[in-house]
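J.: Now for the letters of each chain:
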Amino acid sequence: MLYREAGQFKTDYASDQAIFPILQDRIGLAVILVVAFAIPLANNDFLTNAMMIPFMIFVLAAIGLNLLTGYTGLLSLGTGAFMGVGAYACYKLTSIFPNVNILIWVVVSGFFSAAVGAVFGLPSLRIKGFYLAIATLAAQFFLEWCFIRVSWLYNYNISGAIEVPQRTLFGIIVTGPRATAETRYYIVLIFLVAMTWIASNLVHGRIGRSWMAVRDMDIAAELMGIRLLPTKLLAFAVSSFYCGVAGALMVFLWYGGAEPAVFNINQSFTILFMIIIGGLGSLLGAYLGAALIYILPIVLRFAPEAVGLHVHAATAEHVTFMTVGALIIFFLIAEPAGLARLWQVGKQKLRVWPFPY
Amino acid sequence: MHFLYLIFIDPFVQMAQAPDLLAQTLWEGLVAGMLYALIALGFVLIFKASGVFNFAQGIMVVFAALTLVGLHHDLHVPAFIALALTIGVMFVLAFAIERAVLRPLVNQPDIILFMATFGITYFLIGFGEYIFGGDPKVMPTGDLYLPNGAVTYHTLGGMVQLQKLDIAAAVIASIMVAGLAVFFSKTRIGRALRAVADSHEAALSVGISLEQIWVIVWFAAGLVALVTGIFWGARSDVSFALEVIALKALPVLILGGLTSVPGAIVGGLIIGVGEKLFEFYWGSLFGGGTDAWFAYVIALVFLMFRPQGLFGERIIERV
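Respectively, the protein sequence lines represent chains A and B.
Residue numbering for the first sequence follows the numbering used here, starting at 1 and increasing by one per position.
Residue numbering for the second sequence follows the numbering used here, starting at 1 and increasing by one per position.
No lab work stands behind these hints: they were computed from the structure.
Do not rely on the hints blindly, as some may be mistaken.
Stated by the list, open to error - For each label pair, taking beta carbons as the anchor points, the in silico distance ranges come out as:
(1) B:88 <-> A:316: 26 to 34 Å
(2) A:266 <-> B:150: 35 to 43 Å
(3) A:257 <-> B:84: 48 to 56 Å
(4) A:314 <-> B:84: 48 to 56 Å
(5) A:16 <-> B:206: 25 to 33 Å
(6) A:351 <-> B:107: 47 to 55 Å
(7) B:84 <-> A:296: 56 to 64 Å
(8) B:16 <-> A:296: 56 to 64 Å
(9) B:207 <-> A:223: 35 to 43 Å
(10) B:96 <-> A:316: 20 to 28 Å
(11) B:199 <-> A:225: 32 to 40 Å
(12) A:165 <-> B:11: 38 to 46 Å
Quick caveat, the model's predicted, so the values are computed rather than measured.
Just so you know, even glycine gets a beta-carbon here, dropped at the ideal spot from N, CA and C.
One chain only, chain B, in its complex shape:
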C-alpha cells in the first residue's frame, strides 16, 4: 500500500505543494526536449527525402560543433567566420556522403542504407577525434553573442530560474523550424523535396535531380546539426559524449512519426518533459538514473498501440 501511495499520490502532492519546483522541472524538460526535437528534425528531413534512416545525425551534431570550436580555438579564426566555414564544411560533408555512400547504394534495401550510416558514424568519430582530439572543448558563447546568465521570476510561491541561453535557443530553434516550413512549402526546391519524398520515380520523371536534392537535404540536416551542436555544446562541453543524445532522438521519432516535422517537435517536447518529471518525482523509487531508459520504454509502450506515431502516415500493412 505504501508503495502504491508513493507511486500514485505522493508525487502529485509534492507537485501541488511546490508549484515553483514543478514549473522549474517543466522548463528544464522543455529545454532538453527541444534539443531532442532538433536532432529528430535532422532525422526526419533525411528520412522524408531519401528514405534513409540516418543514424549518423548524432555524430553530425558533434562533428559540426567540434569543427566550429576547433576552428575558433586552435586556428584562432574569429567566431563568425568559423561559423561560416563550418557551414561550408557541412556542405562538403553532405556532398561527399552523397557521392561516396548514397549514390553507389541507390536501390538497395532500407536496411543496407541504415547500416551504411553506421559506417558514416564510425568514420566521423575516428576522423573527428583524429583532427580535433578527444578532449572536451568549450563553446565560445560570448564570441557568438549568445547571452549568459539567468532570469529569475518570483512567482508561484517561490522562484523559477530560466537560463538566458535556453531562451535564446528556443527562439532560434523556432525561427529555424519556421524557416524550414516556409522553405518546404513555398520554394521551388522545397516542393521538389516533397515530391521526392512522395515517390522517387515520379520525381525523376518530371525532371527533378535526385542527386541534387539529396545533397541539399543532407546539407539542411547538417545545418540543423550545427544549430543543435552550438546549443548543446553551450550547455555542457563539446565532446563525443554528445553522441548519446542521438540515440535519445530515436524514441522521439517513434512518438512523433518518422515522416512528420511537427511530430518530431511535439515528440521531442513530450519525451523531454516526461523524462525530467519522471526522474524528479518517481525516479527515487527506482533508484535514480531513470532518464537512461524512460524515453525508450515510453516509445515501446507507444509502439504497441500506435505504431505510426502521433502524426505519421498510417501503415496499412498488419502482420
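Excised from the complex, chain A in its bound form:
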C-alpha cells in the first residue's frame, strides 16, 4: 500500500535512468544511511565492533568478488589472497612511510592488489569456468605461501604476524589498539558508502555493460566489438582492488593484526558463499549475503542461550557448518539467483498489491 509508484511521473531522461526511480526506494535508502551513521550513538561496543565493522568489510570484499564472478562470470577462488595482498601492502607502505595518512595507503594498497589480480587474471583469456577457478587457486596458494615465507612482508617479525601500528588522522587515533570503535566504524562506513557508489556507477555504465556482455556470451561480446582481454583484466583488477581495500581495512580497522592464516582458502570460500546466497550479479546481493553468512553464525551461537539452552561451543560451531551447507543447497534449489532476487520479487508483489498482476 505504501510502496506504490502511482503519480510519480518521469519528465526527463535523467529521472528515467535513475538508479532508484521510485521515491519510496530513495526514502528507504536515506533512512538506512541515517541509521548507519547513528549506530555508534547507541554506544554498544558489541554492535559496532563485533557486528557492524566486520559486516561492512565483508560487504566490500563481496562486492569485489561479485564484480568479477557475478558481473563478468569469471569464477575466482583467490579472494582471500587478494585481500591479503591489500593488507600486507598497506602494512609495508605505512611502515616505510609512517608520516603519510594511513587512509591514503589503504587506497593505494588496493592498487597493489589490483596489479596482482590482473597478473593472475591473465590466464582468463584462454580458460574459463572450473579451469579458471583452479588457476585462481594457484594465486591463492602461491600468495599465501608468500605471506608465510617472505619475511620482508612482515618486517622480519619473529611471530610471523603483522601488528598494526598506531596512526592518527587530524589528531584522532584511527588505527592500533587505542583507536575507539566509533572512529573505526565511521571510517569503514565512509569507505563502504563511497565504494558502493563507485561500484554502482561502474556496473550501470559502459564498463559494467561490457562485463555483463562478456558474462552472457563472450563470443557475441567479441563480435560486438568488446575486446575480451582488456575487459576481463579490468574486471580482475577492479575486483582485486575492492578485495585489497577490504583486506587492508580488515587488518587495520578490525583485527588490529593478522597472521597469514586469516587470508587462507576458507576466507575465499566464505566470500564466495556470500555472493552465491546473496545473489550473483547484484550489489544488494553482496549486502544481503554478507549479512546472512556473517551474522547467522553469531545468532546461532547466542540463540540457544537466549532461550535457556546451554550448548557446547564446539557443538554450536558444527551446527553452524551444517546450517550454512544446508542453506547453500536450499537457496540454490529454491532461488538460484539468491536473496537479491527474492527481494525483487517481494517488491514487485508489493507494487501491485492487492492484485496478483
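Please build the complex by placing chain B on the supplied structure of chain A, with the hints as guidance.
T.: Same frame as chain A, now just chain B:
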C-alpha cells in the same frame, strides 16, 4: 650466475651423486601421487556421468575414513564389519545426495551444481565433526590386516626404504582401477554410465534411468573415497586436515583432463613426483614449503598450452 648454477646444475649433480636418495624421493612422490590420483579418480567418475564437478570428494574421503574409525573405536564394532557398515553409509550418502541435491537441480547450469557441492562439503564437515568429534583418530591398520613396517633394499650405493603399507596401497589401488575399467567396459551398468556421460537426453531416450545411474556413480566415488581414506589415514591420522588433499586433486585433473580415468592416474603420479622432487632439490632455494603451490603453478602453466589436459577431449571453442 651462482643462482643459475643452483637452479640448473647443482640439483642434477646431487641426483647423480646420490641415486639412492633420488630413488627414495621418487618412490615417496609416486606414493603421494597415487593418493592424489585416487581422489582425482573420484572426481572423474562423477564428472563423466553427471557433469558435476564434485568439490565434496575430499570431504567424502574424510567422512568415509571417520565413519570407519568411529564405528571401530567408539562403538567397538569389529574392523571388517565396520568396513561393511561404512560401505553401507556411503551408499546411503550417495542416495541422499541424489535425492536432496541433484534431482531438484537437474538442468541447472554447471556452476550452480558446483556450488551445490560446496554446500554438501560444508554440511558433511559439520555433520562429521558433530558425530565423530574433531580430534585426529588412528586408523586400525592391524585389524584390517594391512602390513606394517618397511622393506629395505641395498642398491644404488645406498639404501632405499619402502613402507609395506605403501606397497599394499599401490597393489589395492591398481586392482581397484582395473576393476573399475572392467566395470565400465564390460558390464551393463558400466555401458549405461558411459552412455549417460556422452549424452543425457540420448541415454534417457533408450530407457536408462538417470537417477539410478547417478546413485551408482556417487556410490562408486564413495567407495573410491573409502579406499583413499583408509590409506591416507593409515599414513597419517584421520582428521579434517585431510580435506586439503582434495584441493591438490584439482591440478591433477587439469593435468590429466576432466573426463579421463587414465589421465587422472598419470596426472596424479606426475604431480606427486614433481612436487616431491622440486621440494627436495629446488625447495631450499625458495625458502621451503614449495609443495603448497607447486602443483597449482604446474597446472597453470599447463593450462596455457593444453587446456584440455593430457588425455581430455579437445575443447573446440576458442575465445
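J.: Work down the list of hints and note, for each, if the structure agrees.
T.: Evaluation of the provided hints:
1. B:88 <-> A:316: 26 to 34 Å: 30 Å, holds
2. A:266 <-> B:150: 35 to 43 Å: 36 Å, holds
3. A:257 <-> B:84: 48 to 56 Å: 51 Å, holds
4. A:314 <-> B:84: 48 to 56 Å: 30 Å, violated
5. A:16 <-> B:206: 25 to 33 Å: About 55 Å separates the Cβ atoms of residue 16 of chain A and residue 206 of chain B, which means 25 to 33 Å is violated.
6. A:351 <-> B:107: 47 to 55 Å: 31 Å, violated
7. B:84 <-> A:296: 56 to 64 Å: For residue 296 of chain A against residue 84 of chain B, whose Cβ atoms are near 39 Å apart, the range 56 to 64 Å is violated.
8. B:16 <-> A:296: 56 to 64 Å: About 59 Å separates the Cβ atoms of residue 16 of chain B and residue 296 of chain A, which means 56 to 64 Å holds.
9. B:207 <-> A:223: 35 to 43 Å: Distance hint for residue 207 of chain B, residue 223 of chain A holds at roughly 41 Å.
10. B:96 <-> A:316: 20 to 28 Å: 24 Å, holds
11. B:199 <-> A:225: 32 to 40 Å: 35 Å, holds
12. A:165 <-> B:11: 38 to 46 Å: For residue 11 of chain B against residue 165 of chain A, whose Cβ atoms are near 42 Å apart, the range 38 to 46 Å holds.
Hint violations for this structure: numbers 4, 5, 6, 7, all remaining hints satisfied.
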